[in-house]
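Chemist: Full structure from sequences and hints, please.
Residue 20 in my numbering sits at position 20 of the sequence shown, with consecutive numbering throughout.
What the hints contain is simulated information worked out from the structure, not anything from laboratory work. One or more hints might be untrue.
Claimed, not checked - Label pairs and their calculated CB-CB ranges:
1) 368 x 626: 36 to 46 Å
2) 41 x 583: 44 to 54 Å
3) 11 x 41: 28 to 38 Å
As the list claims (entries may be wrong) - List of simulated lysine-lysine pairs, DSS-like, C-alpha gap at most 30 Å:
4) 640 x 563
5) 592 x 545
6) 273 x 173
7) 375 x 501
8) 640 x 612
Every residue, glycine too, gets a C-beta built ideally from N, C-alpha and C.
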Amino acid sequence: MSDYLVIVESPAKAKTIERYLGKKYTVKASMGHVRDLPKSYIGVDPDNQFDPKYITIRGKGDVLKELKSAAKKAKKVYLAADPDREGEAIAWHLAYALNIDENTKCRVVFNEITKEAIKESFQHPRSIDRDLVDAQQARRILDRLVGYNISPLLWKKVKKGLSAGRVQSVALKMVIDREKEIENFKSEEYWSIDAQFQKDKDVFEGFFYGFDGKKQELKSENDVKNITNKLDGNKFTVNNVTKKERKRNPSKPFTTSSLQQEAARKLNFKAKKTMMVAQQLYEGIDLGKKNGGTTGLITYMRTDSTRIAETAKQEAKGYIEELYGKNYLGSPNKGKGKQQQGAQDAHEAVRPTSVNRDPKSLKETLSRDQYRLYKLIWERFLASQMAPAVMDTMTVNLLNNGIEFRANGSKLKFNGFMKVYVEGTDDKKKSDNKLLPELTEGMIVDATDITPNQHFTQPPPRFTEARLVRTMEEQGIGRPSTYAPTLDTIQRRGYVQLDSKRFVPTELGTIVMDILKEFFPQVIDVDFTVQMEDDLDAVEEGKAKWINVLDEFYSGFRKRLEKAEQEMEKVEIRDEPAGIDCEYCGHEMVYKMGRYGKFMACSNFPECRNTKPILKKIGVTCPKCQKGDVVERKSKKNRKFYGCDRYPECDFVSWDKPIARPCPKCGSLLVEKKTKKETRVQCTQCDYKESVDN
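Modeler: This is how it looks when you write it as structure tokens:
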């Protein structure tokens, strides 16, 4: 038997670390937590200082038995769970189960799974940090007090299977509040005037700015007419030319939140998938014997810090200088973005463990998802260490009878970090890389076209996963480890659904929120949730006692709970008639709410168990059988596709949306193809294509 036993969380991590440590070390995996609060009951005694009743997790008996056996034979046991609150709690539970004194130097932490980092961490073991453990324990008990007290009420008064978590309820409220904003939004009319100018052979665009040197808004068609009527011909004088050099700084390296947001924008990953793939990259990928075997490719991915280790900065500096030249070296401290208040700076940002392992060299080794996410992390980190991009900008004021138009132009002078990476955005923006001709004050240019445009203000957009994560982070709701599971939970419970990748609250979600708002306003209050996160941080920092934090919350919550038990009325969710009869028994079909949204079911349930998906017709006759209608469907992975409503009699399917007109060239089926850059219509048989405005 080896001299030392090291316990980590996952087998993949164990395999990597054991190879780095050598023959004297045996590394085993606990497979996550070995002890937890029971699932069948609350397991917390509020009347006895919130005493938790921890039990061995079902299915972990054999794992624990193996670990105990190995621990008895080892001279020393090291607990090397993840470097966060959850990891510290896992180590604490393991210490209890294996009879290890938590005050001895049994705890080892590392931010990356590389040979250097692992060996360095074992040079500096420490005792278990009880403040970290208490912070995790306080969160766990707090969430248990909320969930295990409110959820049974919802089961009794609404329907079985519902839940009301502390952070998930606030996230749901944000989605519902946004939907109400959209419903109550009153659109307002406004106008703009665009112009096309020409100087000799050069043509450029401009827009109406104001009158008599003051900016002016155009709220109606009359306002536009008043302006256009004052124009004296089509000659404009260049009144002022302003030239500036503008620098654009790179974004800082990824935090958990910004990684989830960018992976959603650029890779179409859900937060849950991003974290799953990042976990694989962190724990280690087998790169083959020539490349060092199994190696962790990124640093720990649950972090709200943007700090970078000095060694990583120096490695990036050498890489940039060698590949791009000294002029591409930047000042990393000038990166875009600010550190979140209360960030856990013991961690680093999410970055590659070695910038020298470029994505291209690993493409054949990684899965498609691993490669794409690694490439995103690698490029973001490298760009964060590079020089700013430099733009030459030009603003031109053009006058006609006191009426001022403006034209803006810019030219990329030095690409800097943009040579490697440009941050994505939730909003479509026109390119700012537009050139203007060389203009000087006093020049006369012609307005070849002046076009008034009517607009209406738009309501705020629904939340995408990226927007919701960003908003939660900005408001201080949750922490890096909670974003993905929170979004996953509100979808699994049927409280929200995704429509065109945007969250829409369901009827069930709205009903639950109305109940919480009436009886438990504190639980869904954003300010209260933010304060609770701050209190948990204070526990972690040793500035507050976890029992005091829980006691302050529970004293008011218990009164609310008693009131709800007495006054909450049963909510009947009536089934909505679907307007058709069941083809098997003749009873009326009704709409029901399921895990994946609404579906049709026979009202004669349970005698008749007929169910149907709700099919959305797109106004196209099936091109294969010419009898059915093409409808929108969802695959098992929730991906949208199109098929005939006569399935299985007709098996026509298409990932691309069919168009209700034939190809003008050959008469075959036209479909709509969407990419990130454009939407186009193309024929399924010939080379006919046409562009569509996004």
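Chemist: It remains to establish, for every hint, whether it holds in the given structure.
Modeler: Checked hints:
1. 368 x 626: 36 to 46 Å: Holds - the Cβ-Cβ distance for residue 368 and residue 626, about 38 Å, lies within 36 to 46 Å.
2. 41 x 583: 44 to 54 Å: Because 45 Å falls inside the window, the suggested range holds.
3. 11 x 41: 28 to 38 Å: About 32 Å separates the Cβ atoms of residue 11 and residue 41, which means 28 to 38 Å holds.
4. 640 x 563: violated (45 Å)
5. 592 x 545: Not satisfied, since the Cα-Cα distance of roughly 47 Å exceeds 30 Å.
6. 273 x 173: Measuring from Cα to Cα gives roughly 24 Å; hence the hint holds.
7. 375 x 501: Given that 30 Å is the threshold and the Cα spacing comes to 23 Å, the pair holds.
8. 640 x 612: Within the cut-off at roughly 17 Å; holds.
Taken one by one, the earlier hints fail for this structure at numbers 4, 5, listed in ascending order.
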